[in-house]
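> Quick note, the sequences are listed as chains A and B, same order.
First residue of the first sequence? That's 1 in the working numbering, and the numbers climb one at a time after it.
First residue of the second sequence? That's 1 in the working numbering, and the numbers climb one at a time after it.
Please keep in mind that the hints were generated in silico from the structure rather than gathered at the bench.
Treat each hint with caution, since some may be false.
Dumping the calculated EDC-like pairs for lysine to aspartate or glutamate here, alpha-carbon to alpha-carbon at most 20 Å [to be verified]:
1) B/Lys4 x A/Glu69
2) A/Lys4 x B/Glu57
3) A/Lys5 x B/Glu70
4) B/Lys5 x A/Glu251
5) A/Lys25 x A/Asp354
6) A/Lys5 x B/Glu57
7) A/Lys25 x A/Asp62
8) A/Lys5 x B/Glu450
9) A/Lys27 x A/Glu69
10) B/Lys76 x A/Asp62
11) B/Lys4 x A/Glu57
12) A/Lys4 x A/Asp354
13) B/Lys11 x A/Glu10
14) B/Lys37 x B/Asp354
15) B/Lys37 x B/Glu57
Number of protein chains: 2
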Amino acid sequence: MDTKKFILTEKEIPTAWYNILAEMKNKPRPMENPQTKQPLKEEDLYPLFSRAAAHQEMNTTDTWIEIPEEVRDMYKIWRPTPLVRAIGLEKALDTPAHIYFKNESVSPVGSHKLNSAIAQAYFCKQEGITNITTETGAGQWGAALSLAAKHFGLELAVYMVKVSYNQKPYRRSIMETYGAEVIASPSMSTRAGKKIITENPNYQGSLGTAISEAVELAMTTPNCKYVLGSVLNHVALHQTVIGLEAEKQMEMAGEYPDIVIGCFGGGSNFSGISFPFLRHNIAGTANTRFIAAEPESCPKLTRGKFCYDFGDEAGYTPLIPMYSLGHNFAPANIHAGGLRYHGAGSVISQLKHDGLIEAVDIPQLETFKAATLFARTEGIIPAPESSHAIASAIRCALQAREEGKKKTILFNLSGHGLIDMSAYDSYLAGDLNNYHVPDTEIDSNTANLESLA
Amino acid sequence: MDTKKFILTEKEIPTAWYNILAEMKNKPRPMENPQTKQPLKEEDLYPLFSRAAAHQEMNTTDTWIEIPEEVRDMYKIWRPTPLVRAIGLEKALDTPAHIYFKNESVSPVGSHKLNSAIAQAYFCKQEGITNITTETGAGQWGAALSLAAKHFGLELAVYMVKVSYNQKPYRRSIMETYGAEVIASPSMSTRAGKKIITENPNYQGSLGTAISEAVELAMTTPNCKYVLGSVLNHVALHQTVIGLEAEKQMEMAGEYPDIVIGCFGGGSNFSGISFPFLRHNIAGTANTRFIAAEPESCPKLTRGKFCYDFGDEAGYTPLIPMYSLGHNFAPANIHAGGLRYHGAGSVISQLKHDGLIEAVDIPQLETFKAATLFARTEGIIPAPESSHAIASAIRCALQAREEGKKKTILFNLSGHGLIDMSAYDSYLAGDLNNYHVPDTEIDSNTANLESLA
Chain A
1 MDTKKFILTE KEIPTAWYNI LAEMKNKPRP MENPQTKQPL KEEDLYPLFS RAAAHQEMNT
61 TDTWIEIPEE VRDMYKIWRP TPLVRAIGLE KALDTPAHIY FKNESVSPVG SHKLNSAIAQ
121 AYFCKQEGIT NITTETGAGQ WGAALSLAAK HFGLELAVYM VKVSYNQKPY RRSIMETYGA
181 EVIASPSMST RAGKKIITEN PNYQGSLGTA ISEAVELAMT TPNCKYVLGS VLNHVALHQT
241 VIGLEAEKQM EMAGEYPDIV IGCFGGGSNF SGISFPFLRH NIAGTANTRF IAAEPESCPK
301 LTRGKFCYDF GDEAGYTPLI PMYSLGHNFA PANIHAGGLR YHGAGSVISQ LKHDGLIEAV
361 DIPQLETFKA ATLFARTEGI IPAPESSHAI ASAIRCALQA REEGKKKTIL FNLSGHGLID
421 MSAYDSYLAG DLNNYHVPDT EIDSNTANLE SLA
Chain B
1 MDTKKFILTE KEIPTAWYNI LAEMKNKPRP MENPQTKQPL KEEDLYPLFS RAAAHQEMNT
61 TDTWIEIPEE VRDMYKIWRP TPLVRAIGLE KALDTPAHIY FKNESVSPVG SHKLNSAIAQ
121 AYFCKQEGIT NITTETGAGQ WGAALSLAAK HFGLELAVYM VKVSYNQKPY RRSIMETYGA
181 EVIASPSMST RAGKKIITEN PNYQGSLGTA ISEAVELAMT TPNCKYVLGS VLNHVALHQT
241 VIGLEAEKQM EMAGEYPDIV IGCFGGGSNF SGISFPFLRH NIAGTANTRF IAAEPESCPK
301 LTRGKFCYDF GDEAGYTPLI PMYSLGHNFA PANIHAGGLR YHGAGSVISQ LKHDGLIEAV
361 DIPQLETFKA ATLFARTEGI IPAPESSHAI ASAIRCALQA REEGKKKTIL FNLSGHGLID
421 MSAYDSYLAG DLNNYHVPDT EIDSNTANLE SLA
């Protein structure tokens, strides 16, 4: 464990986010109004989001977007985060590859989610908004937004997927300790929730359902906006601080990545680590591989359909051009709750369609095996979500050994797993399973969706 | 939350530990053999501890003890840790005081305990020892030693206080994920454990009992040593990296502390943050106050007897000169499990007796109130143990406000509370209590112990 950290100073926290939308040669198709099928304009998003977020969502012209001073100030609580050479892991794998990871687990809430939570809460505060609402799966995003909301003096209501609300009571307690209200979803507090509970009283919830409830609350509450933790362009934008810092740190290490890897749920941490490096591929000055590591049980990028689909279960959101398993897809109850989402953001989907990024799907048991090896060699117990990136990095490092090639691999450690120890318990006890999704299920879920291929 | 961090480079990790024993004018009395009442010599400790630890335990001559390169290399996983100016907390308290905290919660196991675990595991490995054993209360120490043992290739058995084993399953899972064996104490695997279970089948354990079991296992197993996480001199020695780093960082901040605070269980983190500053008091070049913050329910320093007592329940250890509540004292079931120990280390006890340090005892509800305010203003959810230091710092900051004086306060944030969220749940639900220990209980527990006052 002769780990070597590369540390930046607070002054080196990026001063601008990188907006890949401005540099993409093929831009994603616009979001559409589901009734009229007309492309959405920025103003169409104002009822739901802060104006600043709506503007960033649609901004296809500015490559660099300044980070407000108040947001940068709050980033200083834990940023810049370390870049670490995983020498212990390299030795255990006996690989010629050099493995680096960006350690986003050092944030006070234990994950990268705070990077966007702070920005979005700040924009709402600036615009005089008093209440915000969101959904959360495993609770990483909800915890981050709870802290950000408290800092800027906003009231926050979080719809938490019911299965996680019951299985991960500690993440709920974290949100409540920061002062947020947490509601198990589906709930009786919204029309969408009531409908689902009435039809299926035992339904344990999904991110799609929780989004429906949060959106409905925002639309029906005065001075209340909805805040999202992944999928959308402005969220990916805020997460680029990860890759921008990593770029400087790889320079300190004297290397440039051959492969960049992030786990994949809706795209926030993968975009964050990838886009700042991907811009050099776009400019033709680098030739890095980018790998999105998703769960075998929720394989939207590897096996989904490229189509227009809703972002939520009830169909409240605009239609988004995405790789999707269908907005009614019910993913298996894997422990990587943050990756249980049916679709990929529109930028990521376009990049995948154009061959600029790759994707792999990884069985749950392989992710826990990788996570345990990582914990024992690098000391940090990773979040089940992040373990997908580790498993993918290990595959690449073993391939480098087979080929006898020195490869430089960079992955994002999006969070630690200290709140997920019951998952490790199950793994060590031999109680975990893999979940393969049958082709027929994907086909039937996406049959009616308009293909973009 | 305009926090300001002060960050050192890896090169600035201390190269030597500070040994206060060499500089104390009144040295503590020696440990004694309970049968012969003779002072213990270094060799008497060889059956139990590594020789290096035994030597450090008795070293009253060398002020600086070099940190082995292998230990410093492993420190680099997370050290140096940040020093943070708690501006958010200062604002919330409307105090002229400047409050700083050393953030030891950033270690991969979430606490300062790794500082000594690494050193002790390294010494055992160097001496060809293959197996080690220890006790743990809340699990912070056990988690740290599990990681250190895995790194140096040692087998580890941890006796975990039964009440924590059942109430904090996540900490147990952390130890198992790192590859350690965890046994609920009292257990049937030792004579000491069997005796207690036979006499009282429902006994939920204590640190004193768990120490008895670990010591017995070490004494009866070939090539096995016992490793302790607090109380003893060599443990406090290893923890001085905390204060040595903090000293450099306070210099970066351009201030020197008027008050230094640590929570107090057996003394490890309090010694770590205090001793490097205390040496300037000893030299007559500073006049800082040092406050050990202990629980109202386990008030050894504020209300215990200065006497010779055993370090464990069964009486296996040498007699230690200490402030003690009696080695059979059964502390209330507070959530700060790491502070539930009947005695204070001999150095701390002597310093307290000589008026070089102070102590306060703090009710449980006050610690959780302080912890929640800290979480909401500084972002980090503190361990219940560390919350005692925060509560004490808040008392000092409010006094500074009353007196209209600018005071510089430094406390050690010994760990985060992400594994202790059930405690916060109980607090937010109004289910927690304070526990005051009656004088009669302390008197009767310590009546037969030889006073040193």
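> Given the hinted pair B/Lys4 and A/Glu57, is their Cα-Cα distance within 20 Å?
31 Å, violated
> Does the structure keep B/Lys37 and B/Glu57 at a Cα separation of 20 Å or less?
Within the cut-off at roughly 19 Å; holds.
> Would you mind confirming whether the straight-line C-alpha gap from B/Lys4 to A/Glu69 stays at or under 20 Å?
14 Å, holds
> Hey, B/Lys11 versus A/Glu10, does the alpha-carbon distance stay inside 20 Å?
18 Å, holds
> Check whether the Cα positions of A/Lys5 and B/Glu57 lie no farther apart than 20 Å.
Given that 20 Å is the threshold and the Cα spacing comes to 32 Å, the pair is violated.
> Taking only the CA atoms, is the gap from B/Lys37 to B/Asp354 under or equal to 20 Å?
24 Å, violated
> A/Lys4 and B/Glu57: Cα distance at most 20 Å?
31 Å, violated
> Does B/Lys5 pair with A/Glu251 here, judged by a C-alpha cut-off of 20 Å?
24 Å, violated
> Is B/Lys76 close enough to A/Asp62, meaning Cα to Cα at most 20 Å?
The given pair, whose Cα atoms are some 40 Å apart, is violated under the 20 Å limit.
> Checking one constraint from the list: CA of A/Lys25 to CA of A/Asp354, max 20 Å. Satisfied?
At roughly 10 Å apart (the allowed maximum being 20 Å), A/Asp354 and A/Lys25 satisfy the hint.
> What's the verdict on A/Lys5 and B/Glu450, does the C-alpha distance respect the 20 Å limit or exceed it?
Not OK: A/Lys5 and B/Glu450 at ~51 Å, beyond 20 Å, violated.
> Given the hint that A/Lys25 pairs with A/Asp62, test it: the Cα-Cα distance must not exceed 20 Å.
At roughly 14 Å apart (the allowed maximum being 20 Å), A/Asp62 and A/Lys25 satisfy the hint.
The structure does not agree with the numbered hints 2, 4, 6, 8, 9, 10, 11, 12 and 14 stated previously, though it agrees with the rest.
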